[in-house]
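> Sequence:
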Amino acid sequence: MRPGPKPEWWLTFDCYGTLIQWDEGLLAAVKTILAKQSGTQVDAAALIHTYDKYEHGLEAERPHKSFRTVAGEALRRAMEELGLSYQPSDIEILTSSIARMPPFPEVVGALEALKSQGFRLCIISNTDDDIIAGNVAQLGGHIDRVITAQQAEAYKPTRQIFEHAHKALGVTKDDIVHICASPHLDLAAARDMGFRCIWIDRGTGRKPLPDYAPDAVFPTLDRVPPYFRSLGWT
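Residue 49 in the numbering used here sits at position 49 of the sequence shown, and the numbers go up by one each step.
Don't take each hint at face value.
BS3-like mimics (lysine-lysine), calculated; alpha carbons at most 30 angstroms apart, straight line [said to hold, decoys possible]:
1. Lys173 / Lys6
2. Lys173 / Lys207
3. Lys36 / Lys6
4. Lys6 / Lys31
5. Lys207 / Lys6
6. Lys31 / Lys173
7. Lys115 / Lys65
8. Lys65 / Lys167
It is worth saying that the hints were derived from the structure and are not from the lab. On a predicted model such as this, the values are computed, not experimentally measured, just so you know.
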């Protein structure tokens with residue numbers, strides 16, 4: 001960790017892939033959608049790859065669109081590109097599956113440990129309030145604040161969502177440590193904005209940006225509380 005004081009009160013977190021099992025949940029949702037297609041040779045990995053391409057493009061467009069709208073349009077375009085038949089019910093399968101995605105096994109205990117160290121915990125996420133509510137409900141009551149793209153009217157990795165979060169929390173970029181698993185969203189923002197950042201590398205194959213090194217890297221969230229103790233922060 002670069003030199004600096006203990007964060008005053010707040011740690012911020014990416015949600016999906018960091019706290020919540022995104023890849024596993026998305027794969028299950030896409031398999032359910034594909035099961036409705038008769039005779040298709042398209043596999044789940046191909047649909048997820050194509051969906052991701054459209055989702056990231058739509059999130060960058062203005063005016064801001066809700067995540068539910070973005071996800072529905074991205075899914076429709078991806079399915080049409082792959083020769084699949086899109087139904088409005090498909091987006092409901094996807095969004096309801098996201099809301100039910102569970103946390104990684106160590107997450108609730110790690111969040112409890114961080115709370116006991118005196119930190120307040122905030123999620124910053126590219127989603128809508130109603131979708132993430134189901135995930136937050138599974139995090140043991142340890143999350144103090146949730147800031148979404150819906151509230152900021154912007155998606156990561158833009159500065160706008162992080163600046164909105166810092167203002168809402170009453171902190172500057174120097175007052176927090178952000179903890180995340182996403183290189184192209186969160187690590188890119190840390191590089192561009194200069195806030196301290198811990199990368200949770202869960203072995204998904206996602207790599208840090210070639211021109212940025214996070215302040216610390218751990219395979220799971222439960223490694224973070226003892227690391228903070230080693231810094232003398234607790």
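> Please list, smallest to largest, the hint numbers that this structure does not respect.
3, 4, 6, 7
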